[in-house]
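Enquirer: All chains should be built: construct the whole structure from the sequences, respecting the hints.
2 protein chains.
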Amino acid sequence: MPEIPPPLKPPKRVLLGPGPTTVEPRVYAAMQLPIVSHVDPFFYQVAEDIRIMLGPVFGTESHFRMVISGTGSSGMEAAIVNFTDPGTKFAVLANGYFCERISDIAGRQGASVVRLEKPWGETFTAEEARDFIAREKPAIVAYVQAETSTGIYLPGKAVCDAAHAHGALVIADCVTSLGAMPVDMDAIGIDIAYSCSQKGLSCPPGLAPIALSPLALERLRARTAPVRSFYFDLKLLDDYYEGAHRYHHTAPISMFYALREALAIITEEGLESRFARHRRNHLAFVAGIEALGLRMHVTDPANRLWSLNTVSVPEGIQDAKVRARLVAATGIDILGGFGPLAGKIFRVGLMGASSTQENVLAALEGLEAALGAEGYRPAGSGRAAAERFYAANPA
Amino acid sequence: MPEIPPPLKPPKRVLLGPGPTTVEPRVYAAMQLPIVSHVDPFFYQVAEDIRIMLGPVFGTESHFRMVISGTGSSGMEAAIVNFTDPGTKFAVLANGYFCERISDIAGRQGASVVRLEKPWGETFTAEEARDFIAREKPAIVAYVQAETSTGIYLPGKAVCDAAHAHGALVIADCVTSLGAMPVDMDAIGIDIAYSCSQKGLSCPPGLAPIALSPLALERLRARTAPVRSFYFDLKLLDDYYEGAHRYHHTAPISMFYALREALAIITEEGLESRFARHRRNHLAFVAGIEALGLRMHVTDPANRLWSLNTVSVPEGIQDAKVRARLVAATGIDILGGFGPLAGKIFRVGLMGASSTQENVLAALEGLEAALGAEGYRPAGSGRAAAERFYAANPA
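From first to last, the protein sequence lines are chains L and X.
Per the numbering used here, the very first residue in the first sequence carries number 303; after that it's consecutive.
Per the numbering used here, the very first residue in the second sequence carries number 303; after that it's consecutive.
By construction, these hints were calculated from the structure, which means they are not laboratory data.
Just to be clear, a hint being listed does not mean it is correct.
Treat identical chains as interchangeable: a pair holds within one or across any two.
Said to hold, decoys possible - Within a straight-line C-alpha distance of at most 20 angstroms, the following computed EDC-like cross-link-like pairs (lysine to aspartate or glutamate) qualify:
1. Lys311 with Glu326
2. Lys311 with Glu350
3. Lys537 with Asp406
4. Lys314 with Asp342
5. Lys537 with Glu424
6. Lys391 with Glu326
7. Lys537 with Glu402
8. Lys311 with Asp342
Expert: Written out as structure tokens, the structure reads:
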């Protein structure tokens with residue numbers, strides 16, 4: 303037998319990366335509660351509580367809302383495989399890493415993938431989206447509402463309108479918007495929206511909320527070819543969580559308890575207050591970044607996520623060294639960019655329980671010190687600028 | 303916004319079904335620890351601790367051992383999709399529900415599935431397995447080592463020998479054996495073994511351990527066609543957990559903490575002691591069942607799982623009524639059969655932290671009372687018989 307490992311002692315981190323985010327004590331406490339069987343009526347009630355509370359967060363009145371027993375990436379796969387067959391024409395608005403992943407998964411299903419591409423950090427005009435969809439006439443259009451790799455927010459109304467005009471269904475990746483910014487599924491016209499339990503919901507990672515519009519549900523029910531995945535087969539999952547409660551898999555009970563508690567916290571805070579808090583902390587952070595003489599990677603403020611801030615790394619500075627100094631000195635954990643943005647941006651998450659004034663001020667102060675130690679000369683005090691913003695814009 | 307739901311108050315259950323099983327306080331406590339990022343060196347160390355401790359539990363020295371971020375069913379899907387392409391000849395030894403599911407998933411990949419069938423509760427002789435494999439010459443042979451739907455244990459040596467003689471890889475479902483009975487992956491010759499975090503490991507559900515033999519790893523590395531699933535792509539998962547630590551998904555950190563603790567408990571107990579405990583409690587339970595005048599569904603004691611006991615429902619008794627009485631009176635949660643065994647068996651799990659003398663005695667006493675209330679006249683006292691067994695067979 304191997305040696306008995308020492309007791310787990312996680313380092314203290316302030317989680318300000320692109321996720322996971324800070325988990326509140328109440329959510330940890332929920333995972334202490336004794337588990338029950340996956341076919342216990344109590345468990346089905348927990349799943350139903352989650353279903354109910356997910357409605358406003360997704361911004362939908364559609365009944366079909368559930369949780370996939372996997373991380374956010376499993377939500378993406380479930381969203382794609384239930385609506386994609388060999389030869390399906392699948393259009394992707396591609397301007398970041400998660401658009402690449404969507405294209406990859408659709409390709410693995412044998413879909414005919416067509417893409418409208420933009421550099422990472424730019425976004426699409428309504429006209430560009432309309433022209434692309436009108437030209438390609440796809441069966442599915444996928445876009446990323448909140449692109450974690452670039453910091454871009456694309457609500458998606460023009461995409462959905464154009465897709466529906468051509469009879470296409472729309473898949474939207476809401477992994478970094480859900481619980482932090484408006485997803486507005488019904489108002490925007492998203493047919494299949496998925497997300498994760500961490501980030502804006504501030505639950506530990508491990509679950510993937512997903513919601514279908516009535517149109518998507520109709521298409522799902524009409525399909526006769528088997529979905530290639532059993533684990534992600536939404537018809538079977540619907541039979542498990544709803545109505546007949548036909549056994550499908552043993553759901554991760556403790557994670558469901560945690561997500562229910564995280565959604566209860568959101569329900570208590572109220573969505574409008576929650577969004578306002580995220581927006582305010584984001585704007586204060588941006589004020590601080592600009593005071594430091596740094597630039598946001600996403601140039602138009604209207605296209606910036608409130609949940610995930612991308613800051614350009616100044617000329618001559620190595621981002622990994624700055625991040626290492628920051629975490630060593632303060633415990634604040636942020637991430638860098640990857641792919642074409644490797645070494646070019648810092649990614650600073652202010653989501654869920656991590657989106658606080660205290661964290662914004664600490665991050666600005668910590669960044670200033672870490673950048674300074676690497677030779678960067680800030681234009682002014684980021685912390686002071688953020689403090690002025692908070693004073694001028696009370697909650 | 304929906305109403306704020308009341309605080310979660312799970313009912314007190316003694317989990318003696320086919321899973322999930324009792325979770326020890328230490329494991330719940332591990333989920334209270336603060337999460338870190340999925341790319342934090344601390345997290346990679348937790349994953350590595352798990353990898354190390356999984357070796358003896360699987361009975362393998364093969365380096366490739368990891369955890370899929372989904373439940374046991376996701377382990378099954380990962381095991382199949384990485385080794386199955388359209389047209390792959392895929393042989394299944396089919397004698398229970400999970401064999402059906404394996405056939406289903408292989409069929410969804412476009413495999414050519416061939417089956418050797420037996421009634422649910424019977425098993426295969428070495429000769430039957432050999433003849434089947436020699437006749438079909440499949441590329442993959444799949445069997446269920448521990449069939450939760452029937453209570454059958456099939457270690458699988460003859461299956462593996464015959465498969466390897468024909469160059470086939472062997473997939474074994476070890477969902478209900480891992481941590482409770484010998485899996486003996488290397489000694490038996492299993493190429494791809496998967497399981498779940500609950501049941502014998504006594505962690506909450508949510509993760510799926512998987513291990514590959516060197517031969518399976520060679521085949522995996524040699525494949526050029528993309529795996530149809532991104533989420534379950536073992537090559538990408540290997541790049542994430544090992545070496546380059548290339549981002550794949552945001553692993554469920556709290557579940558990893560829990561599984562590490564559950565494996566630490568197993569390492570402390572020692573595998574031989576743990577298996578002996580399971581065997582002893584199983585035999586005491588069987589002694590009690592027989593004293594009550596009931597029959598075990600699996601007739602040959604050598605083919606019975608120690609972890610999951612299937613008891614024939616006596617003539618004229620409705621199993622659901624008995625189970626409802628049992629849980630109402632004692633909190634003991636067992637399950638019935640399904641498919642061809644619906645209404646015909648009780649399934650009583652004695653796995654992991656649920657496998658205790660106290661639970662065996664309470665289950666026998668509770669069953670006797672519940673059966674009695676439904677009109678069954680027991681031949682004698684089950685509890686007394688089990689107590690005699692324990693006295694005659696000290697731990």
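Enquirer: If a hint holds in the structure, say so; if it does not, say that too.
Expert: Hint check results:
1. Proximity of Lys311 to Glu326 under the C-alpha cut-off of 20 angstroms is found in both arrangements, the shortest distances being 18 angstroms within a copy and 19 angstroms between copies.
2. For a Cα distance limit of 20 angstroms, the shortest separation of Lys311 from Glu350 across copies, 15 angstroms, qualifies, whereas the shortest one inside one copy, 35 angstroms, does not.
3. For a Cα distance limit of 20 angstroms, the shortest separation of Lys537 from Asp406 across copies, 15 angstroms, qualifies, whereas the shortest one inside one copy, 23 angstroms, does not.
4. Within a single copy, Lys314 and Asp342 get their C-alpha atoms only as close as 36 angstroms, which misses the 20 angstroms cut-off; across copies the closest is 11 angstroms, which meets it.
5. Taking identical chains as interchangeable, the C-alpha atoms of Lys537 and Glu424 are never at most 20 angstroms apart, the minima being 36 angstroms within one chain and 32 angstroms between chains.
6. Taking identical chains as interchangeable, the C-alpha atoms of Lys391 and Glu326 are never at most 20 angstroms apart, the minima being 43 angstroms within one chain and 50 angstroms between chains.
7. Taking the shortest alpha-carbon separations for Lys537 and Glu402, only the inter-copy value of 18 angstroms comes in at or below 20 angstroms, while the best intra-copy value is 27 angstroms.
8. For the identical chains of this complex, Lys311 and Asp342 are inter-copy neighbours only, at 13 angstroms across copies versus 34 angstroms inside a copy, given an alpha-carbon limit of 20 angstroms.
The structure shown violates the earlier hints numbered 5, 6.
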